[in-house]
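Participant: Make the full structure from the sequences, and use the hints.
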Amino acid sequence: MKKTLTVIAMLVAGSVSVYSQGQFVFEGYVNGAFGQQIFNTQPTANDNYVATFNGGNGTYTVDEEVGATAFSKELPAGTQVYAAGTALTGTGYDAQLIYAPTANAALSTLTPFGSVLNFYTATAAVGLVQSAITETIPGVASAPITIGIAAWNNEGGTITTLAEAQAAGDPWGISPVTENVTLSSGSPATPAPMVYGAYSFSLGTSVPEPSTIALGVMGVSALLFRRRK
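Residues in the sequence shown are numbered consecutively from 0, following numbering that gives the first Met the number 0.
Note that these hints are calculated values from the structure, not bench results. Even glycine gets a Cβ: it sits at the ideal position worked out from N, Cα and C. Mixed in with the good hints there might be a few duds.
[Claimed, not checked] So the derived label-pair ranges between C-beta atoms look like this:
1) A123 with T90: 17 to 25 Å
2) T101 with G55: 32 to 40 Å
3) A102 with A82: 15 to 23 Å
4) G168 with P42: 12 to 20 Å
5) G138 with G84: 37 to 45 Å
6) P42 with A140: 39 to 47 Å
7) T181 with S107: 18 to 26 Å
8) V176 with V139: 16 to 24 Å
Facilitator: Printed below as a string of structure tokens:
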């Protein structure tokens with residue numbers, strides 16, 4: 000007999016409900032009761048977190064502002080203040096989950112996966128990821144996984160992945176904290192809001208790591224060498 004199980008866990012970006020076959024629901028706004036805001040770039044003096052991440056096209060570093068806001072309704076309530084008018088809204092910004100197929104994985108080992116979502120435009124939900132999407136974890140039917148979230152400026156829809164945003168030097172950011180979610184079989188359950196641990200964060204300017212720069216230089220050098228031959 001199958002059990003119905005609802006897991007309340009931190010997604011750093013919304014709520015997670017466990018479904019059968021390694022599925023869960025990702026959403027950033029649950030009946031107005033929970034939301035993790037994501038913001039655009041902040042004044043440099045306010046940046047308080049340095050994130051390093053490989054979105055799939057080399058490793059890049061970004062300076063972010065992190066911390067829960069009172070508006071976000073994160074528990075415990077936060078007092079972080081971001082620059083006015085910088086909460087992400089509309090289709091000009093994308094958000095996507097990042098994950099590793101094991102529990103307690105380091106942030107640097109996570110990779111982007113699943114649907115790319117935009118942001119709400121309503122005043123009551125600025126900075127919050129729009130819609131609710133059922134995601135299936137590839138190759139994982141029932142086990143703990145590690146999850147977080149990434150967001151970026153999509154340059155009017157022309158930048159479709161985090162890797163492209165990093166390479167193009169467009170603003171991007173990732174959650175500073177990751178959490179485990181245990182997948183389980185069962186009938187669909189009503190999405191439950193996260194109750195702890197979610198941090199708001201800002202986007203920042205993409206800076207390639209030295210190793211990524213070196214690879215780029217090697218690629219250009221190889222191309223020039225071939226042309227000379």
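Participant: None of the hints should be skipped; say for each whether it holds.
Facilitator: Here is how each hint holds up against the structure:
no. : hint                       : in the structure
1   : A123 with T90: 17 to 25 Å  : holds, 18 Å
2   : T101 with G55: 32 to 40 Å  : violated, 19 Å
3   : A102 with A82: 15 to 23 Å  : violated, 36 Å
4   : G168 with P42: 12 to 20 Å  : holds, 19 Å
5   : G138 with G84: 37 to 45 Å  : holds, 42 Å
6   : P42 with A140: 39 to 47 Å  : holds, 46 Å
7   : T181 with S107: 18 to 26 Å : holds, 22 Å
8   : V176 with V139: 16 to 24 Å : holds, 21 Å
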